[in-house]
Amino acid sequence: MDKYLQFLISGIALGSVYSLVSLGITLAFRTTGVLNFAQGSFVMVSGLTFITLRDDMPLIPLLLLVIALGVLLGAVVERIAIAPARHLTHESLVIITIGLAEVLRGLALLTFGDRTKYTDSFVAWRPLHVAGATVSMQTLFVVLGAVVAVVVTLLALERTRLGRALRASAMDSDMSILCGVSPKMVTFVTLGVAGGLAAIAGSLLAPVTGMGFESGLDLAIKGLFAAVLGGLGSLKGALWGGMTFGLLEAFALFAVPTYSVSITLGLVVLLLVVRPQGLTSGTGARVGAL
Amino acid sequence: MKTIVLAGLTAVAVLPLAACGSSGNDGDTVKIGVIVSESGDGASIGADEAKGYDAALKSLNDAGGIAGKKVEFIKVDDKSQDATAVLKVRELVNEEGVVAVLGPGGASPASAAASVADSLQVPLIAFPSNKGETWEGKNVSSWAFGVAASGESIGEGCLAKYLDWAEANGSTPASIAIGAETDGAPPQYASGVTTAAEDAGVDVLTRQDWPADVVDLTPQMTNVRSADPDTLVVSAYLESDVQATRALEQLDMPSDNVLQCSSIVLSDYIDSVGKAATGMKFMALGADDPAKVPADFPLADEIKDFRTAYQNVFPGEEPSRFAAGSYQTAMMLRDAIKDAGSTDPDAVRDALEAFDGYEGAYSIISYTPDRHRPSAEDYQDSSLLFEYTGTGFENVSADAK
Amino acid sequence: MDRLTLPLVRRRNRDITGLAVVAVFVFALPFAVADDGTLRLFILAGTYVVIATGLQMCFGYAGLLNLGIPAFAAVGAYTYAILGRDGTNPWVAVLCAVLAAALVAAVLGVLVLRLRALYFAIAAFGLVLIADNIISAWTDVTDGAEGMIGVPQLSLGDLLLGSTEGTYYLMWAFAIAVLLLSLLVRHSAYGRSVLAVRDSEVASAAFGVPVRRRLLEMFVLSGAVAGLGGALYAHDITVISPKAFGVELLLLVTVVVVVGGKDTIWGVLVGAAAVVLLQNEILPAVFASGNIELVVFGGILVVAMILAPTGVVGLIREAVQLASSRVGRGRRAEPAGEPSRETEESHA
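Top line first, the protein sequences correspond to chains A, B and C.
Counted from 1, the first sequence has number 129 at position 129 by the numbering used here; the numbering is strictly sequential.
Whatever position you read off the second sequence (first residue = 1), add 290 for the numbering used here.
Whatever position you read off the third sequence (first residue = 1), add 691 for the numbering used here.
Since the hints were made in silico from the structure, they are not lab data.
Yeah, the Cβ is synthetic: ideal placement off N, Cα and C, and Gly gets one too.
There may be inaccurate statements among the hints.
[Unchecked claim] Example chain A residues on the side facing chain B (calculated, C-beta under 8 Å, incomplete):
(1) 116
(2) 255
(3) 256
(4) 258
[What the hints assert, rightly or not] To be clear about the criterion: a stretch of chain A counts as covered by chain C if any three or more of its residues have a C-beta under 8 Å from a C-beta of chain C, and this derived list gives those stretches:
(5) 50-57
(6) 85-92
(7) 145-159
(8) 216-229
[What the hints assert, rightly or not] Just some of the chain A residues that point at chain C, by a computed CB distance under 7 Å:
(9) 110
(10) 257
(11) 259
(12) 262
(13) 265
(14) 267
(15) 269
(16) 271
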């Protein structure tokens, strides 16, 4: 029994991380139409920065710094790679973000080297023992951190003027332009937020898994699959998608560890074929859907 | 129109390359090809190996070269890829005319290069030699020779040395658990450990497996804890080894009954886990920590010479085992050419195959026609058992005190 | 031949002639340049040409961004290697490799093509990871993540094609064949229906084009061609591992198609030449570390997509059009009823 509980906890932890990543992706997609294949690289770069500076700074200022750098990264990427390409097709933008992901991967390799780097958990507390399973403190932080980040983001979108502008642009970009919302500003802010969310994910994840220049690819694909599973249209979908994907992966790791990647991704594809709109009704995945 | 553009582009491509030609072997120098991973995911290990080659080159030329001729290393990068390694071997032999090839430093590029060495009939000495079929058995390579023993031998030797220590310490385990990665060298080590356990009458209570990119090993370690073995043996590469150690920490499990039969650079591992490794035992070679090598250790002189040569080129730096390995391949080639009395490929190859009890900075070597890597005994005699005290390593081997 | 089809046939013949010229040049080259290193570069370019043509046909003609191309190359390579090592005749093994890749593409295509464009791209990208996972895990068959060695090579009778020259001719014979295939597809009625699907699924469906089937056929074709490339690569290097078929290959092949130009085979040739030169001559000369490759090619992809989405060939074409329209400004207007060159060109 405790073995299953252990995997469930794993799944929830993984799911929280994927929710964060897929939230960044879904947000970007809804407001700008860009499917950000580089989101995983954002996480990786932020995580590596966090690990590298860990010994030089106390935790809270470091987190704030990394998040600020993440927002900056997103904004810079938007200015140099997305904004000039606004007029291109979706596929072209996908190719651009793939190119970006590789650039970031290469820069990480040059800057941080080829070895995976590790760091300590946020606090050096003993793990909790619950019903025969063990929950490490960092796992709790991951879940809590993700929840807080998501709630804050959703609230900001709901309550602030900027947030409403973003949502309006996502719902009806022509109308919102008429109302004075600048689409360029929307893209700029959204990518910045995505970068910030990725930074949070990277900082939370770094003590658990370590980060290396290769970590971005894995996260990118899984984040994309999670976002798509959730329906790619709604932010709630991003959360559901992330959680479900995390649980699916934990199950696959439990059942057939060596094939877990194929099983998880394969299951998602099958799910989408059967239910193209994803778990929640979003923009929908089936050919011909609007 | 397009064709003209195309032809033009191709001409541009051809022109600078027409200058390249195949340079034959100079009368005055001995050309040796050296393949290291300067880029890609094996680059940090490759950097260490490159330093070993640098040390070897200086040492060889300071001593007058090989057979009176100056030694020239032609160093190329295999980018940690099998395909590039293959192409580089071909390039070194066909275009540069080298007499032999040293390296590459990765397990699968080394096997790949070995197959090319066979087709081109050029001797090759590589450092890693895991992939069984290339280095031992009926499909053994004829022209390639390895410096590392088989995974199973290493695993066997690892547990055997630990049991020797335990006996001398009065704490022989009656049971062990094994945790291993599923791919590459670790499962070979694990199977060697199992053999040694069976030979010694020690029970293997459970065997936990995990893939290389595992993120959370608490489930596997929970299973180990429930089995309650006297000793836990871990066989992994660095990343998952760190995850295993963290899991042990999380679960409040002890570290001083853990034996690491893993393929890791000890200092990297300690950098990553710190005090969590206190009390752990590690299989090691003399080259891992030359300062800890006892005077009566069979390779003590070679390791000292190697360290001196290394610090000649890199003053103040401590070498790693990878530098020792690459250094040894160069020295082996020198000695084989000396034994053969010429650089003729066939003679050198035969001379290499005749090595028996050869002592180098990394390992003792004896070859046979169907085993082109050190034997289990060679490995045992070359290795030590280290313990991490929390501040550094200590040699605790029962025999080599 | 009537007025409408004559320009099309002329264009096809012009392209075929162009390809014939390239073929002659390629086959004559080793007589002028016997240097191993140069031939090796051409072999590498040829490998890229074969695999990239798979992407070019799919993306350029059908508008399907098949990011899973490396996975199909892997299927081809491993099928060839496994069968070859077991003793199957290498030529039969190549054929099986192509068929296996086609089969996998067919099965996956049926599933994945039901998804909308972007979801399809994501799923295709996922194939790369899935292929890597399966190859690494299925160690009994594939020798696992460390790779497979001892892959047999093709031979013609007694003549082993494993030498540099032999592989050069082999690779380019197939490269020319694949380029010809792409050409013929492009200039056929079938190809035009594919282009129609790319431009508007709704409109082409209204005209009776079986949209889903066309997309599946192009997907399978691209997978088969990539599989062929994988098998030839396995013959050349004689060792294969999952690393060879990962994101690096995807990046390089995408750069070939994007930088060269996705709409024509000329784009593939130009792109392959550019990539090979950059990767093997220019970058090593300028930078000390090989690790710069990722940054450079990723950057090229971004910049090329923004500045020149139609690729080098597209730029040249636009320049030629600009030049010829300036030259032709003085002449009288063309007689009514003749399709102007402009409208035909823009659909290339």
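Checked hints:
For residue 116 of chain A, the interface hint holds, the least distance from its beta-carbon to any beta-carbon of chain B being 5 Å, beneath 8 Å. At its closest, the beta carbon of residue 255 of chain A sits 12 Å from a beta carbon of chain B; the interface hint therefore is violated under the 8 Å criterion. A least Cβ separation of about 10 Å between residue 256 of chain A and chain B goes past the 8 Å threshold, and the interface hint is therefore violated. Here the hint on residue 258 of chain A is kept, as its CB sits about 5 Å from the closest CB of chain B, short of 8 Å.
Counting residues of the stretch 50-57 of chain A whose beta carbon lies closer than 8 Å to any beta carbon of chain C gives 0, which falls short of the minimum of three for the stated coverage. Under the rule that three or more residues need a Cβ within less than 8 Å of chain C, the assignment of the stretch 85-92 of chain A holds, with 5 such residues. Note: the stretch 145-159 of chain A has 0 residues with beta-carbon separation from chain C under 8 Å; the three-residue rule is not met and the coverage is violated. For the stretch 216-229 of chain A, the stated coverage by chain C is satisfied: 6 residues place a CB nearer than 8 Å to a CB of that chain, which reaches the threshold of 3.
Interface hint at residue 110 of chain A: satisfied, since its Cβ lies 5 Å from the closest Cβ of chain C, which is below the 7 Å cut-off. A distance limit of 7 Å between C-beta atoms decides the matter here; for residue 257 of chain A the minimum to chain C is near 9 Å, and the interface restraint is violated. This hint holds: residue 259 of chain A has a C-beta 5 Å from the nearest C-beta of chain C, less than the 7 Å allowed. With 7 Å as the threshold, the beta carbon of residue 262 of chain A comes within range of chain C, its nearest partner Cβ sitting at about 5 Å, so the hint holds.
Given hint, residue 265 of chain A at the interface with chain C, holds; its Cβ is 5 Å from that chain's nearest Cβ, closer than 7 Å. Against a cut-off of 7 Å between C-beta atoms, the interface hint on residue 267 of chain A is violated, since the closest Cβ of chain C lies about 11 Å away. Below 7 Å, beta-carbon pairs count as interface contacts, and residue 269 of chain A has one with chain C at about 5 Å; its hint therefore holds. For the restraint placing residue 271 of chain A at the interface with chain C, the shortest Cβ-Cβ distance is roughly 11 Å, beyond the 7 Å limit, so the hint is violated.
Hint compliance for this structure: hints 2, 3, 5, 7, 10, 14 and 16 are broken, all remaining hints hold.
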